[in-house]
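Asks: Protein chains in written order, with the working numbering: chain A, 278 to 645; chain B, 278 to 645; chain C, 278 to 645; chain D, 278 to 645.
Note that these hints are calculated values from the structure, not bench results. Careful, some of the hints might be misleading.
Think about it this way: if two alpha-carbon atoms lie no more than 25 Å apart in a straight line, the pair counts; the simulated SDA-like pairs of lysine to any residue are [unchecked claim]:
1. A:K532 to B:P327
2. A:K532 to B:E464
3. D:K532 to C:S330
Computed spacing ranges between beta-carbons, pair by pair [stated by the list, open to error]:
4. A:A443 to B:T329: 38 to 48 Å
5. B:T314 to A:D583: 46 to 56 Å
6. D:P339 to A:E467: 47 to 57 Å
7. C:T541 to A:K423: 36 to 46 Å
In silico negatives: residues of chain A with every beta carbon more than 10 Å from chain D [to be verified]:
8. E338
9. A341
10. G427
11. L440
12. A468
13. Y469
14. R474
15. K475
16. P578
17. E592
From the three backbone atoms N, C-alpha and C, an ideal C-beta is built for every residue, glycine too.
There are 4 protein chains.
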Amino acid sequence: MAGSTFGHLFSVSNFGESHGPAIGCVIDGCPPGMALTEADIQHDLDRRRPGTSRHVTQRNEPDAVEILSGVYEGRTTGAPIALLIRNTDQRSKDYGNILQTFRPGHADYTYWHKYGIRDPRGGGRSSARLTAPMVAAGAVAKKWLKEHHGVSFRACMTQLGELPIAFEGWEHVSQNPFFAPNASQIEALEAYMDDLRKQGDSCGARLYVEATGMPVGLGEPLFDKLDADIAFAMMGINAVKGVEIGAGFGCVTQKGSEHGDGLTPEGFMSNHAGGVLGGISTGQDLRVSIAIKPTSSIRTPRPSIDLEGNPATVETFGRHDPCVGIRATPIAEAMLALVVIDHVLRHRAQCGDVSVSTPKIAAQRPSE
Amino acid sequence: MAGSTFGHLFSVSNFGESHGPAIGCVIDGCPPGMALTEADIQHDLDRRRPGTSRHVTQRNEPDAVEILSGVYEGRTTGAPIALLIRNTDQRSKDYGNILQTFRPGHADYTYWHKYGIRDPRGGGRSSARLTAPMVAAGAVAKKWLKEHHGVSFRACMTQLGELPIAFEGWEHVSQNPFFAPNASQIEALEAYMDDLRKQGDSCGARLYVEATGMPVGLGEPLFDKLDADIAFAMMGINAVKGVEIGAGFGCVTQKGSEHGDGLTPEGFMSNHAGGVLGGISTGQDLRVSIAIKPTSSIRTPRPSIDLEGNPATVETFGRHDPCVGIRATPIAEAMLALVVIDHVLRHRAQCGDVSVSTPKIAAQRPSE
Amino acid sequence: MAGSTFGHLFSVSNFGESHGPAIGCVIDGCPPGMALTEADIQHDLDRRRPGTSRHVTQRNEPDAVEILSGVYEGRTTGAPIALLIRNTDQRSKDYGNILQTFRPGHADYTYWHKYGIRDPRGGGRSSARLTAPMVAAGAVAKKWLKEHHGVSFRACMTQLGELPIAFEGWEHVSQNPFFAPNASQIEALEAYMDDLRKQGDSCGARLYVEATGMPVGLGEPLFDKLDADIAFAMMGINAVKGVEIGAGFGCVTQKGSEHGDGLTPEGFMSNHAGGVLGGISTGQDLRVSIAIKPTSSIRTPRPSIDLEGNPATVETFGRHDPCVGIRATPIAEAMLALVVIDHVLRHRAQCGDVSVSTPKIAAQRPSE
Amino acid sequence: MAGSTFGHLFSVSNFGESHGPAIGCVIDGCPPGMALTEADIQHDLDRRRPGTSRHVTQRNEPDAVEILSGVYEGRTTGAPIALLIRNTDQRSKDYGNILQTFRPGHADYTYWHKYGIRDPRGGGRSSARLTAPMVAAGAVAKKWLKEHHGVSFRACMTQLGELPIAFEGWEHVSQNPFFAPNASQIEALEAYMDDLRKQGDSCGARLYVEATGMPVGLGEPLFDKLDADIAFAMMGINAVKGVEIGAGFGCVTQKGSEHGDGLTPEGFMSNHAGGVLGGISTGQDLRVSIAIKPTSSIRTPRPSIDLEGNPATVETFGRHDPCVGIRATPIAEAMLALVVIDHVLRHRAQCGDVSVSTPKIAAQRPSE
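The whole structure should be built from the sequences, with the hints applied where relevant.
Replies: Take a look at the structure:
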């Protein structure tokens with residue numbers, strides 16, 4: 278209820294602070310019998326890891342995960358899976374000057390008012406570092422969904438600040454530090470980021486995430502709609518300010534005769550719905566876009582106040598991502614996987630096992 | 278877990294079908310001692326009621342609410358408040374021809390695959406009629422929030438299909454059938470809708486909803502962020518495909534130096550955050566935009582399939598809203614109120630009573 | 278969270294007051310496709326109904342149930358099933374004199390302190406009348422469990438005040454007003470109750486309830502143990518003060534060599550465990566005993582205080598059960614069924630479908 | 278939902294196995310601002326620790342707790358408190374021979390059938406070792422309840438096998454290895470246990486646990502009654518088979534005129550209710566008794582079957598408690614504290630702050 282647990286039947290309880298001794302999570306409800314090792318989890322953690330290019334924070338964290346429970350002789354037992362990641366490169370001293378003022382656009386203002394306690398260690402609990410345990414939990418969910426239902430997840434960046442990124446192909450995503458589905462614009466993106474860093478400023482981003490191989494029938498009809506839970510999950514990622522399913526805001530100017538995806542015996546003719554109708558999956562790909570705001574911790578001086586309410590000018594040093602959207606790609610995949618696995622288990626509870634007859638799906642891509 | 282209950286501490290369990298005998302809800306967790314009568318609830322129900330102009334469905338429902346429990350001598354007792362609305366104008370015969378095919382863009386396809394049972398009575402459970410109990414529950418939440426914390430809710434339409442609606446003032450919203458904050462464009466909107474009806478088509482809409490007088494400190498930091506719960510609530514409204522908080526997708530092209538709302542001793546200098554930082558309310562107005570897709574039940578013939586998977590052409594008659602966005606305005610207010618009251622109660626649980634010291638707030642409006 | 282919803286996956290939200298206009302419940306999560314009519318529910322309601330013998334309250338309620346939603350053409354659709362029971366024989370005037378004082382042993386004292394509001398209508402929300410909707414919901418659960426897994430529920434009275442009731446056979450239970458599994462002691466029980474009524478006093482009772490045909494493997498290992506949820510359900514019935522599983526308090530004086538139920542290839546050799554080991558069902562019968570306190574509303578004058586804290590003598594008139602344990606038998610069955618169905622659905626979620634291979638079970642009876 | 282999280286608003290997610298690398302828990306919802314160090318928690322862990330007398334298991338575990346998060350500069354921040362206890366004295370080899378058979382009365386039978394996976398490491402997840410994290414979490418709850426509401430918890434053994442233990446005074450409880458409230462019977466208890474060990478058998482126990490200084494008004498009226506949650510918590514402790522509140526099963530033979538606790542301006546005249554009326558606390562002491570079954574892991578040979586269903590004789594070696602009831606005393610206190618703090622927070626949510634005006638309370642003791 279205090280907001281640190283995600284999911285109902287595949288539930289993940291997250292703990293830790295950015296500059297405390299450790300972060301981690303406890304997964305309760307993972308089905309028994311799945312082969313699982315730390316290596317299965319480490320791959321996605323490495324994709325999210327800081328310090329991998331000059332365009333992200335230079336904090337050096339191996340993000341090595343330890344499985345503390347729930348796995349016996351390499352298989353899940355049905356018991357809670359506790360995952361532990363020790364912090365190794367804390368530098369709380371960097372945050373000393375932050376303690377007396379509020380960064381414009383940062384959660385330090387609201388935490389202070391909510392709890393009356395200030396934990397300045399790298400943003401403490403509000404740091405995006407707390408997404409690492411979710412990426413770890415998401416890796417477990419992805420593995421089970423792949424093995425049991427053939428569902429896959431992938432995400433990419435579709436806009437970096439003012440630069441839209443054309444979709445050329447999924448194969449490019451792992452080949453550049455931006456998770457861009459494109460090879461020809463990488464130099465432009467690098468130049469944009471270098472310029473931004475020189476200015477001491479930050480920028481926003483737009484990401485696209487999808488699930489393919491979806492079963493039909495997942496989602497609850499009224500409130501816990503599949504798309505409502507997706508929106509909840511995505512807006513729960515640090516810095517996200519907007520979520521779209523399928524056509525998203527584009528549907529405002531569509532006519533009904535255009536938006537509604539026609540059907541043929543071979544499958545859907547388009548996917549404006551983004552794979553969800555009435556809150557329940559159609560079997561088409563889930564298609565989600567999110568908007569990520571620019572980082573609030575920037576070197577540029579900003580007007581603010583101190584703890585007593587007096588005017589102050591704030592400049593933030595320390596190590597920060599100039600665009601938090603870059604490392605958010607694996608996070609968005611993980612959160613989408615956590616939503617889907619939870620709804621698979623919910624569906625099994627009420628309706629028995631999940632349909633294997635996935636309807637045929639029309640071709641589609643992020644730019645559609 | 279089956280998705281018909283909204284909220285954790287002020288929880289609303291919804292029941293009913295569009296063409297069944299009755300719809301309603303049970304509110305559990307309403308604080309005791311508040312004056313409450315059916316009249317307090319009826320006002321908002323009347324705003325959402327069908328049949329009030331030629332631009333909405335012509336189904337004639339009084340939507341008269343009966344309080345079955347939880348109120349004694351005009352005051353809430355702390356016990357569950359059951360609210361009952363009898364359906365009076367069902368016409369299931371209109372839906373006979375729908376039963377054998379799937380409407381493109383409609384939930385009848387996914388319900389059929391999920392439950393293996395087809396309830397064709399006006400879309401059964403997937404009908405927007407089920408938002409009426411939420412408007413009723415929202416009216417209870419609004420009254421309590423107004424009386425205890427001075428929080429108010431209001432919404433308006435900011436775009437109808439291809440027509441953006443300029444914000445002129447809140448006073449116009451109740452003066453036209455579109456909930457438009459504008460007096461000069463009404464004729465154009467009416468002409469647009471009349472034309473659409475002639476074509477047998479439907480259109481989308483964009484709405485803006487806000488809460489004013491917000492306390493600071495509401496929301497949980499990690500997953501149950503205030504904005505995540507808002508996204509969940511909004512995406513749970515029928516036909517919503519996109520949600521934005523504050524600057525929304527506009528933040529993608531903002532720099533950090535522009536997006537982060539500066540602070541002065543007199544309050545925030547802008548509200549790009551939409552009233553939420555790190556998932557917790559800042560005390561500024563909550564600012565939310567939603568995209569609503571065009572109605573899928575249209576007269577225009579569409580390609581589809583029947584229950585056996587054979588090709589079929591679908592035209593939908595019966596009574597439908599050509600733009601479901603029109604009547605969604607009071608629904609969006611209600612859902613936002615249900616999110617806020619739940620977080621007030623959650624905040625009281627962990628942190629004691631809610632702060633009365635609301636920070637000063639920069640001027641703002643939907644078009645900002 | 279305010280305590281009016283029972284169950285997680287087959288969840289029942291209860292509403293109403295003893296002397297309000299109606300009582301009822303909303304079941305969310307019932308699997309789709311089960312045949313269901315009001316007659317399926319009415320049978321158990323009639324067993325619990327007041328006014329059926331001189332040994333229970335003389336309030337005359339038909340307890341006729343109306344299905345408002347969730348059933349279409351005689352089958353459950355997967356949508357919430359709302360059940361409504363109108364109150365018809367309220368007599369609030371009988372309670373006028375109760376309003377200014379507290380009945381010793383009654384919840385009016387604690388409700389007053391918790392809510393600051395007194396709803397004197399027959400005890401309002403604290404009345405055992407609110408068990409009627411649970412009996413109705415339990416009837417739905419029983420039907421599904423019988424049809425899908427062959428599980429049956431039955432209960433009987435094993436002690437009435439000072440009189441232990443010998444177990445002669447289940448066939449007697451429906452043949453007497455006490456739900457006694459015995460034909461030879463009925464006269465003695467009637468004489469005991471007649472005497473009690475003359476004294477203006479009340480008595481306690483002990484009930485036994487069991488489930489037969491149980492699948493193996495139901496229950497969660499740590500907290501949501503099957504027996505923990507049974508204890509929660511039973512202690513949630515009005516007036517229950519003790520719960521035993523299997524050997525219950527008798528296990529204190531047992532040795533491990535005696536208590537642990539031995540196993541042979543033909544099944545368990547005894548059932549001291551009451552059908553649960555480590556919180557998970559063994560496939561043996563579930564065996565539960567509960568203690569029900571004497572009714573607090575009695576004619577005998579008792580020392581108490583009034584709302585201002587001054588001494589007062591309280592005598593309660595109106596219509597009350599001299600032994601609430603009598604009508605609790607179908608209630609206990611219903612609550613046990615609600616626990617079991619919830620765990621069947623939970624088990625399906627995590628572990629897939631429920632085992633059909635029930636282990637062989639040693640003969641057993643309440644007096645074992 | 279998979280049963281490893283206890284509590285709704287002060288929620289504790291437990292993880293680990295008896296012979297895995299570590300056990301622990303994550304507390305979410307602890308109010309911010311409370312002073313907290315590992316020493317505050319260690320005291321209760323030491324009371325529950327194995328190896329402290331010859332009458333309990335000889336496994337040697339320091340049970341040293343590490344706070345991983347949620348505390349900054351010695352104060353709780355409102356963020357999740359993760360507590361880690363490393364296992365140091367695992368001896369899985371002792372369990373080799375258990376792997377192929379089922380111990381009569383042990384959960385290894387049901388785990389096998391539920392999960393299809395056998396984790397033999399000291400009972401794996403079903404071991405009473407998993408109560409250590411609950412004792413740790415309970416220590417946090419106790420501290421907060423003491424500081425904010427003056428509530429205290431204490432428990433003692435009232436029967437060991439066939440030997441009832443007379444209540445002489447709370448001061449004796451910490452002076453003997455049995456948590457007996459008695460000085461004169463200790464020799465008899467030691468002789469009883471020595472004899473039992475020689476026989477290779479085990480015995481049951483009865484414990485009494487109470488909360489003093491209780492506020493009035495805690496508990497939800499219908500299902501989440503305070504006593505229902507207590508029953509749930511107690512039955513969730515390993516080996517508990519019975520729970521009584523106040524008079525418990527004794528109420529069966531009480532008359533209403535005897536059971537109902539009279540009131541005077543000075544307070545209640547007795548406490549047969551055990552501090553709860555209608556599911557809500559009266560402000561009197563909470564009074565709870567539990568029955569604990571004899572340990573199932575005994576040296577005495579017992580009839581059983583192997584994994585293929587063939588007859589087998591089982592004798593259990595390794596290190597086991599001959600009476601698990603002995604170390605259950607601090608566990609029962611902890612679980613009661615976790616129930617009470619959760620209901621304090623729930624009460625704050627719906628009704629605002631908790632009443633400070635505790636009614637006067639009649640004198641009482643376990644033997645009453």
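Asks: Going through the earlier hints one by one, which of them does the structure break, listed in rising order?
Replies: Per hint list: zero violations.
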